[in-house]
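Student: With chain B fixed as given, assemble chain F onto it according to the hints.
In order, the protein sequence lines correspond to chains B and F.
Just so you know, we're using the working numbering here: the first sequence kicks off at 960 and counts up by one.
Just so you know, we're using the working numbering here: the second sequence kicks off at 224 and counts up by one.
It should be emphasised that the hints constitute simulated quantities derived from the structure, not laboratory data.
On a predicted model such as this, the values are computed, not experimentally measured, just so you know.
Nothing false has been slipped in among the hints.
In silico SDA-like cross-links for lysine to any residue, where the CA-CA straight-line distance does not exceed 25 Å:
id, chain 1, residue 1, chain 2, residue 2
1, B, K1257, F, R756
2, F, K432, F, S464
3, F, K348, F, T282
4, B, K1182, B, G1125
5, F, K567, F, S419
6, F, K664, F, L694
7, F, K348, B, S1202
8, B, K997, F, T569
9, F, K633, B, E1026
10, B, K997, F, N573
11, B, K997, F, Y600
12, F, K664, B, Q1052
13, F, K664, F, S588
14, F, K664, B, P1049
15, B, K1023, F, T607
16, F, K567, B, L1325
17, F, K664, F, V579
18, F, K664, B, T996
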Amino acid sequence: MTFSLKTHSSWPQDSVSRLTFPIIAGIRIALSLANVTKSLRSNPLLSSPLDSFLNLQEGVYLFKHAEDPYSGGSFHHSPLFLSIFTTLLPSSQYSPLIWAFCDIAGALALVSIWRARQNTSTSSWGDLITIAYILNPYVILPSLAMSTSSLENMLILITLKFASQGRQPPTLLFLAFLVQVSLSYLLLILPIFVLVNMGPSSQLAKPHGSTVPIRPIASMFGKFLVYSLCLTFASTIIANGWSWTSQTWGASLLLPDLTPNPGLWWYFFTEMFDHFRPFFLMVFSVHLLIYVFPVFLKFRYDPLYASFILIGILGIFKPYPTLASPGLFISMIVIFPEIYAYLRHPVVTVLLYLHASLLMPLFHGLWLQQGTGNANFFYASTLVFACANGAALIDCIWAGLRLAIGPDSEEYVIIQE
Amino acid sequence: MERRLLLFLSCFCVFTSASFLNEQFDEKLAIRPLPDGRVAATFVFTTILKDVHPRDPRTLQFNDESQHYTLFPLSLGQILREYAVSEMHLTLNAGNWNYDRWGYPDEPGVANGAELWAWMGVNQKSMEDEQWRGLRNALAGLFCATLGSLDDQRTTSPILSFQPHDSLPSFPSQNQSTSASSSSSFHALRHASLPSEHVCTENLTPFLKLLPCKSRSGLASLLNPHKLFDADWHGMGVHVSWISDEGVKLRLTFQTIMDPLRITQSNKRSWSLENLFGKGISQRCPVAHTSQIVVSLPRGDMYAIRPEPPRIHEGAAIYDLNQASINNLRQTSPLPLSIDRTLKGTNQANGYLSLVLTNRLPNDSLKILYLEAMPWYLQLYLHTLQSEVSPIDTSLSSDTQKEAKNDLFKLINYIPSIQHSRPTMLQALLTLPPNCTVTFKMHVVKSFLRYTEYPPDAQRGWDLPPGVLTLLDDVDGKGNKIEIGAKTNRIFYTRPLLVDLATPDFSMPYNVIIFTCSVIAFLFGSVFNLLTRPFVVVRVGKEKKEGDKEKQE
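Excised from the complex, chain B in its bound form (with noise of 0.2 Å):
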């Protein structure tokens, strides 16, 4: 039942690691400022029509010519993006800094949440945890062609952050805001107000049947109603009406935009039948809704591994992914090394990713650049990123109650009833 962490001893000592962070910060400004990102911005695969900066700009040259952006059909951002990149950071050459800052910011709200888990204040394993963040290929590739899914990444992190400290207020004022960029957040909201009432302590080792505290939750619950109306009020005014409801969060519903993108809605809802299609919206809908409360009472001991759960999920099967989405629930694995000693998989995990990795843009570009391929071997690819997405998951879930019972030994086996 012990629980050692080699591989955080091991890491080199703090006069290489006081310069690690500036590094890596330097290389995401520098490449910020590369020329590169501008072939980026209308790659599908990076940004979903729901968060892509080309609709962003689109919606913003909109509102201010006087039209509503939400009378048409393609803007589906947030009132509340429309109006912080209409009035506080209006579209400049140096706009992709934006997202550079918003990447390092998740990555220190990323080592926050694992000091405040480790509950130690001084750890070189946090350099590793910005390079797992900054330069994670799925997360750095969105966030160069400026999808706002990077934001949402930040927003989540930075609530989760918040929700470790036990700081109540900006926890909630946070995911409000999370949620009225992206309603498939919902998921998150019970095991972040547990995590701010139980701490955000490594409880997987020894769990424990710990009861629920109703009453704080409940009390969270009505202020985070309260913040999320005063942000819907808010939105409503800015947007001057409630066409922006059915624009955001009934996109994410409706599905009415069908480009392709790594999520597993858009052919099958391309291929649907039309009078089955408002049945399996309903069905796709809802099937998100089921995981919550699973996942949540296995490790309510431990709220923050079972937001980390949900984050996967919902990297899988969201509505709009973007490889962001999956990205951070990759990134997040770094923060809890405890599981690695008892994954069974990772090898194969690591090359489906790889293999979806290389098929999807070979697929995608054989699609619709040459137009050579077929939607169908694109589809294909989007499948076994799924599966990648869905290995790595149910290891992570594996290993998380498999932590319970201790180290291997030849005595015995560990089966499931």
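Tutor: Frame of chain B, contents of chain F only:
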């Protein structure tokens, strides 16, 4: 018995002659040799229904009064009254009108494919779409054309570009019980175009049936489908409008561009009615008030024309089959404007829409109203619009090319599209500096459709309707006043475009449903397998296997 028949006949004669006075039918054929050796022929058949008003939309809920026409086609008249149409323009064309070589057409409606626009009297807001649907379905039936496909996905209401050609009746409010509803009656414009619809014989036959003499006599006897549909460009039009002091005017037009060099297999640019149309005119149409053939004579070149024209007026020989009345003839001169619209980019997901306009006037800038009614599957990104100005003379330096776009492109009206239902409508005011070529370029994204939305021949691509450019009045450069929609404005159509949209595999719906559902079920099953079944430690040592179970939560 004989007397009764005589009485009946005389009554009939009195009645027809009486109603004859209210209706007037004129026909005209204008033939114009073009600089490239082709010949443009335009048939115009005009019927005027005197002192008649379009139907008041407030009476739509009641039964219509009975109608009786002698020259005006009853089948069209009933449609117009049923849907309270005050003005209507339907054109069906095949081919792309080449403004640069053929000049401005006699009939401006030269959009490729079918184009229909109508001003309808509307009493209730909810009824306008109902009336529009009825109108296009009725016209589809009348002209055997696929106008039923001009549905909401293609319908816009571009008021600035399509002002009524003549006046619209005002409906004075009555001081009766209906006064509340009468205040809300107004005119609504609907416009739609279908570039893939092509005109052919089955459209010409119902067209000829609308003429009082059919194709048996008069100028209409020249409308021989074998020759007309062999022409390089051909198109027919039905235009109904209301002139306040005259009445309802119906103009049926047929326009062709023929190539006598190809038809006669000779190397001379000579033509005759016989070899252009394969027929002559054997008798005149007895009910036609005027019926004339106007031939524009070539300038400067040597020519011979037989029979000797009775009158020559402004370079045009005028043959009158009845009695003379002369209209102004437009001269063909090189147009000051040339237009070209293309879709660029090899990618099936996004590309560029580029509009190239050339102003050949040496000193005056041109103001143009640009209308784009783009179906939703081509999404425009207005913020990416760029404009570039370059002098026509390419020998000049290319350094002075860029100019601020705000001066050249002024957005007037923009209605963004909605997926699966509404097209984009863009109306903008363009300014062309003199002696310049201006290129407007905009990023576009091609949408992905549901598999049931693709036509059976999905690989053929999708036709995009032509853009409409209206040359505004201040060509002279005097004053900044913009008079939009004056009757003299000239309308230009760009060529239609074919966009290649990426297709899914049409044979795959079951497979995709099965594969995706399998992956989801596999992941769901694995996750819940781990979450619900408890972990158990089983001793596999040499000793006893049973009874050593140790449960873990």
